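J.: Since the structure of chain A is already known, use the hints to place chain B on it.
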Amino acid sequence: MILGLDPLFSGHVGLVVVLIVVVKAALTLGICLVATMLMIWFERKIVSDLQNRIGPNRAGPWGILQTLADGLKVILKEDLIPDKADRLVFRLAPILTMVPAFITFGLIPLGGDFSNGNGGAVTMFGHTTFLQLANPDAGVLVILAMSSIAVYGVMLAGWSSGSKYPLLGSVRASAQMVSYEAALGLSVLAVVLVSGSATKGGLGTLTTNGIVNAQAPWGWNLWVTGLIPFMIFSVAATAELNRPPFDLVEAEQELVGSFQTEYSGFRFAIFYLAEFLNCVTMGAIIVTLFLGGPAGPVLFGPGWIWGFLWFFLKLVAILYAFVWTRASVPRVRYDQLMDLGWKVLIPLSLGWLLLLVAIRVGSDLGWNPFATIAVSAVVMASCYGLLVQAMKVSRRNRELEGVID
Amino acid sequence: MELAVFIAGSLICLMGAIGVVTSENPVHSALSLVGTLFGIAVLFIAQDAEFLAAVQVIVYAGAIVVMFLFVIMLLGVDRTDDIRVDPLVGQRSAAIVAGVLLAGGLTAVVLLGSVSGARSSAAAPTKDLPNVAQIGQLLFTDYLWAFEITSVLLVIAVVGAVVLARHRRDDFVDDLPGDEVPEIAAAPAEEVS
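Protein chains in written order, with the working numbering: chain A, 1224 to 1628; chain B, 725 to 917.
Chain A with its partners taken away, still in its complex shape (with noise of 0.2 angstroms):
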């Protein structure tokens, strides 16, 4: 009877869906916090393995507890804030830096069962749901939402201390994640060209759970979209996630802290957090575009919990490689970030882009595709060679100039 009350007064929202909603948005919650301590020690162990260090091993097992001693610590720590700072803004900045991730874990899939045909739905207390938080229709745009606005917590942070390096490091970080976001954002597309489904007269889908059902169980993105995207989106991820070899706002060696140099106490915990929460946060995307997030085969029992469990391992991986390349991997120059960006990523996604189209127009209307593909092939080589040369000519240019040497 109580579950029959209607708490938002709308009409046709029960009790139980509020409740399910508010267990949910708390799990998720819980598992983003869980996984972002648990992502530092892992991320500690890994690099001290690669570099032959033993690591965190004091507090827990295997020093797994590490995080939550540094975090207890920290709490303890004055909370100073400068004099010159803009209070408001400083204060609101590192709140700035969490929420993004916070709301876009929400949208990320991560269990359920995709191999009976229910996209991954499944039933509690008598209501069908799926196991994420929330599945907007605008689905991989909120994403793409929420990554646009991430750059605020940096730019106001850097901005707010009133001191130069912070400054310089906040300007250096808003236009590398402006500049990364276009590649990004072209490497989705791809991925939503080929989530169409058939059982909506060939619709494609913008939701999250629609494009890991478009997946299951083996059609992966990773090898649909044919591996460019996959590898132009971890690219542009590192970037955007200023991890290195792009970490070039926390370059220590010129810009002492960057935007975190005034920061301190529980503030500073709230950045750090947050790397590593944006970190967690951006393999689940990878994993819900590229790797098919939760699907995976059903081995035995109740087909939910393999959707838990191939999700955790396919995140792992991808983290384990974010963790291996910036192991492995030398922080590159501001000039090479930006042409890296600008000059190979973006025309390389566009062009590919298109390229999935023609196959795409050319398999509807009947062409022949090796045809589609030697004529795409040969227009993509054609533009690249244009832009060479564009990039030959303003570079005479700005010699002239004298802008350059």
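By construction, these hints were calculated from the structure, which means they are not laboratory data. Here the structure is a predicted model, which is why all the values come from computation and not from measurement. Each hint should be verified, as a subset may be incorrect.
To be verified - With a straight-line Cα cutoff of 20 angstroms, these simulated SDA-like cross-link-like pairs (lysine to any residue) come out: (1) K1387(A) x L799(B); (2) K1387(A) x V795(B); (3) K1566(A) x V1521(A); (4) K1387(A) x P750(B).
T.: Quick look at chain B alone, frame taken from chain A:
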């Protein structure tokens, strides 16, 4: 429920808008603008216009205001402005007149017109399709020409901005004596090739 969402969304909008005009610091103004844009996104979602809400956040909050902030930071104009000085003579009184007229017009529309308050998607072509899919279909079929023309306009704007920026760089002369006028016309125009 819908009323509650509307009130919350419009409160965010209004508070942001008031913040934009009353903040003395340009960065605070820009942040208030972000608040307003998010409020509008909330209102879009309340109207089932999810695509517009997402694009609102991506384009306005994520790109345009970031660009504002970038310019504010790079140019170092983030000082507190004296709000009592009129930048243009008569600007403030003209703004008050225009604001009163606009408010009067809006009130008149609400009072005299027949605002049904019906949801925008009530008039959607097909009800069972998601809003995003419908916009996509219309954009690439019926309104393809307008879409393409708009994108060409944007490309022209970008090219124009680049050309203007590069011409101005030529005119700069280092270590210019105070009374000497640089010969702009004689400067070699080698960048156009």
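J.: Does each hint hold? Answer for all of them.
T.: Results of checking the hints against the structure:
1. Between K1387(A) and L799(B) the CA atoms are separated by roughly 14 angstroms; this keeps the pair inside 20 angstroms, and the hint holds.
2. Taken as a hint, the K1387(A) and V795(B) pair is honoured in the structure, with Cα atoms around 16 angstroms apart against an allowance of 20 angstroms.
3. About 44 angstroms separates the Cα atoms of K1566(A) and V1521(A), which puts this hinted pair outside 20 angstroms; it is violated.
4. This hinted pair checks out: K1387(A) and P750(B) have alpha carbons roughly 19 angstroms apart, not beyond 20 angstroms.
Violated hints amount to a single one, hint 3; each of the other numbered hints is respected by the structure.
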